[in-house]
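**Student:** Listed below are the residues making up each chain.
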Amino acid sequence: MKKLGLLALVAGIVLMAGCAGDDPAGPGGTLADVSGVTISASSAGRDVILTWTALTDVDGYKVWFRATSTASWTEVDDVTSNTGTHSDATSAGEYVVTAYKGSDSSANNSNMVDTYPTDVTTTYTIYDNYSPTTQPSGFIFGTTSGQTGSAASTSFHQDIYAFDELGPVDGDTNVQLLSGDFGSFGNGNTTWMAEPVAAGYCEAFVTGGSAPWSFYDYGLYSGDVRVFLHLENGNYVKMYNIAVAADPASDHGTMVSFSYEIQTNGLTLFTSK
Amino acid sequence: MLPSFQYGGLNMYRLLEFSPVYFLLVLMLTGGGIMVQKTEAGLPEGLDDILEEISSQYDGSWGIGVMELNTGESESVNGNREFQMEIPHLPLTACGVDLSSTGVIPLDSLIARNIQLWEKLHWSQQGGRGTCQAVLFVMGEQRVNDWIEQEEFTGTAVSGVQFFYPDCPQVDPNNITAIDGLGFLKIIYDNLDEPYVANLGMNPPLSDHNRETLGLGNSIYGWIDETEEWRHLFIIVNSTQGSDFGIVILTEGIDDPQDVDKGFRTVYEALTE
Numbered sequence: 003m004k005k006l007g008l009l010a011l012v013a014g015i016v017l018m019a020g021c022a023g024d025d026p027a028g029p030g031g032t033l034a035d036v037s038g039v040t041i042s043a044s045s046a047g048r049d050v051i052l053t054w055t056a057l058t059d060v061d062g063y064k065v066w067f068r069a070t071s072t073a074s075w076t077e078v079d080d081v082t083s084n085t086g087t088h089s090d091a092t093s094a095g096e097y098v099v100t101a102y103k104g105s106d107s108s109a110n111n112s113n114m115v116d117t118y119p120t121d122v123t124t125t126y127t128i129y130d131n132y133s134p135t136t137q138p139s140g141f142i143f144g145t146t147s148g149q150t151g152s153a154a155s156t157s158f159h160q161d162i163y164a165f166d167e168l169g170p171v172d173g174d175t176n177v178q179l180l181s182g183d184f185g186s187f188g189n190g191n192t193t194w195m196a197e198p199v200a201a202g203y204c205e206a207f208v209t210g211g212s213a214p215w216s217f218y219d220y221g222l223y224s225g226d227v228r229v230f231l232h233l234e235n236g237n238y239v240k241m242y243n244i245a246v247a248a249d250p251a252s253d254h255g256t257m258v259s260f261s262y263e264i265q266t267n268g269l270t271l272f273t274s275k
Numbered sequence: 078m079l080p081s082f083q084y085g086g087l088n089m090y091r092l093l094e095f096s097p098v099y100f101l102l103v104l105m106l107t108g109g110g111i112m113v114q115k116t117e118a119g120l121p122e123g124l125d126d127i128l129e130e131i132s133s134q135y136d137g138s139w140g141i142g143v144m145e146l147n148t149g150e151s152e153s154v155n156g157n158r159e160f161q162m163e164i165p166h167l168p169l170t171a172c173g174v175d176l177s178s179t180g181v182i183p184l185d186s187l188i189a190r191n192i193q194l195w196e197k198l199h200w201s202q203q204g205g206r207g208t209c210q211a212v213l214f215v216m217g218e219q220r221v222n223d224w225i226e227q228e229e230f231t232g233t234a235v236s237g238v239q240f241f242y243p244d245c246p247q248v249d250p251n252n253i254t255a256i257d258g259l260g261f262l263k264i265i266y267d268n269l270d271e272p273y274v275a276n277l278g279m280n281p282p283l284s285d286h287n288r289e290t291l292g293l294g295n296s297i298y299g300w301i302d303e304t305e306e307w308r309h310l311f312i313i314v315n316s317t318q319g320s321d322f323g324i325v326i327l328t329e330g331i332d333d334p335q336d337v338d339k340g341f342r343t344v345y346e347a348l349t350e
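For the record, the sequence lines run as chains A and B.
Sequence positions in the first sequence follow this note's numbering and run 3 to 275.
Sequence positions in the second sequence follow this note's numbering and run 78 to 350.
Don't read these hints as lab results, they were simulated from the structure.
Hints are supplied without guarantee of correctness; some may be wrong.
[What the hints assert, rightly or not] Calculated from the model, a selection of chain B residues having no Cβ within reach of chain A, i.e. all distances over 10 Å:
| id | residue |
| --- | --- |
| 1 | A234 |
| 2 | N276 |
| 3 | T290 |
| 4 | G319 |
| 5 | E346 |
[To be verified] Label-pair restraints from in silico Cβ distances:
| id | chain 1 | residue 1 | chain 2 | residue 2 | range |
| --- | --- | --- | --- | --- | --- |
| 6 | A | A200 | B | Q239 | 14 to 24 Å |
| 7 | B | Q227 | A | H159 | 32 to 42 Å |
| 8 | B | T231 | A | G268 | 46 to 56 Å |
| 9 | B | V181 | A | D121 | 41 to 51 Å |
| 10 | A | V171 | B | Q227 | 33 to 43 Å |
Quick caveat: nothing in here was measured; it's all calculated off a predicted structure.
Glycine included, every Cβ here is placed at the ideal spot set by N, Cα and C.
For reference, chain A alone in the conformation it holds in the complex (with noise of 0.2 Å):
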């Protein structure tokens, strides 16, 4: 009898790993696997919209989403057409889809399709005004790289740069980050920028910047590791990292480092970083 028991505990154990809740497809299914998943350019702000081949004989589809390759999946939508939304995510990553008949689903996953965010891990370093006029002061975001430069220099066209705008005061770290077109070296891109909520996240720009899209002057507090851009050409970006410190290079100068996530499909997704 204790043999029976152990035998039924066994292939309880078994069955349950077999049936991985969070591994959409796993073993025992016998559907067709779904193919063809994109992520549709309908996609925008927080709601991912993803697209597949449709299927026949099968009673819908299930959409599934984790935030890293290891994390676990979870369902986010189950529709029984071939669109599903994963609505107000709250990071980027990565999707896959099931169909389903009854208590039957997919051999196995569909294609995977993510909305990470191209990651530029190059650390950029940025110099405010009282710095020497050697150091770069302005920077645009490129979707593979970024590019320092002089904001005083009108050949330089920035999206951002650093100014101190409360005047010089030895080993002062005060500086803000102002729009490429805003201020004295203003004849750059329009750069609006948001306070963090969230690493993952941010709202979708709102035209003319209302909240949380308010600022393009924004002081960076000690502290500060992160905000969130929107860039003339609509692209997203995430500045992570960031440092603020006094530019030893001068006396009043001040520094910041940064290095950057950028989205250029309308999503306002990105990493825990």
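Put chain B on the given structure of chain A with help from the hints.
**Tutor:** Then chain B, alone, in the frame of chain A:
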């Protein structure tokens, strides 16, 4: 601690608390009743001679203006002479108040990270060069100067604030006249009851001499503009009794800034004694 107020063994304070006299006294002291009416005496006789005397008594060039702010009655000497202004906080403040009252840019507009327009205007009044420049960028130099022209402040020009960091842009001089200064003070005075307006000119960076002159009891709103070459005073005296005055003293080429304070005292005493 209240001074002793005994009569025949009775504490008259206690007695007064239960009498109609106490009620009337409270009304009088708080200005909340009809017992105290400001007497709008207007400008004193012979003020023009006093202003002339001050302007010729000290070194340098002087422009002096005085206005009874309730009636708009004014007196000036060299009232239309243009004086250079280092930080154009007063014209910007008057423009900001007017644009706010018409809903163009409300004073509580969020113009930088966690900073409303009125706050930056107040920091400008406290001598913040960069914040004054930032306000000008927000309000728009063209719009400000259009407003100045529209309101017929013909002796005033606002160009910005000259910075001193490496290779900073050169800014044209700002100008103002005593008569225009009075006009700006009048706009602010007329809107003192509007939200945030009273904050704009509070706690002006007056000299000890000025503070001693003004004494206690009146509400003072002021803007100071000072360099090695000049010291300009723009003061609203919102008195608890009697007339409310706007006083403008503009100077150029003075040897001793204290001369301005002495001149201010003479003007103030002529108005109040």
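**Student:** All the hints need checking, so say for each whether the structure fits it.
**Tutor:** Taking the hints in turn, this is what the structure says about them:
The beta carbon of A234 of chain B sits about 19 Å from the closest Cβ of chain A, which is more than 10 Å, so the claim that it is off the interface holds. Taking the minimum C-beta to C-beta distance to chain A, about 19 Å, the non-interface status of N276 of chain B holds against the 10 Å cut. Distance check on T290 of chain B: its Cβ is at least 29 Å (rounded) from any Cβ of chain A, clearing the 10 Å threshold; non-interface status holds. Against chain A, the non-interface label of G319 of chain B holds: every CB pair exceeds 10 Å, the least being about 40 Å.
The beta carbon of E346 of chain B sits about 36 Å from the closest Cβ of chain A, which is more than 10 Å, so the claim that it is off the interface holds. Between A200 of chain A and Q239 of chain B the CB atoms are about 42 Å apart, so this pair departs from the stated range of 14 to 24 Å. Look at Q227 of chain B against H159 of chain A: about 33 Å separates their beta carbons, and that is inside 32 to 42 Å. Between T231 of chain B and G268 of chain A the CB atoms are about 50 Å apart, so this pair conforms to the stated range of 46 to 56 Å.
One distance hint, 41 to 51 Å for the beta-carbon pair V181 of chain B and D121 of chain A, holds here, with the actual separation near 42 Å. For V171 of chain A paired with Q227 of chain B, a C-beta distance near 39 Å keeps the hint of 33 to 43 Å intact.
Violation of the numbered hints given earlier is confined to hint 6; every other hint is satisfied by the structure.
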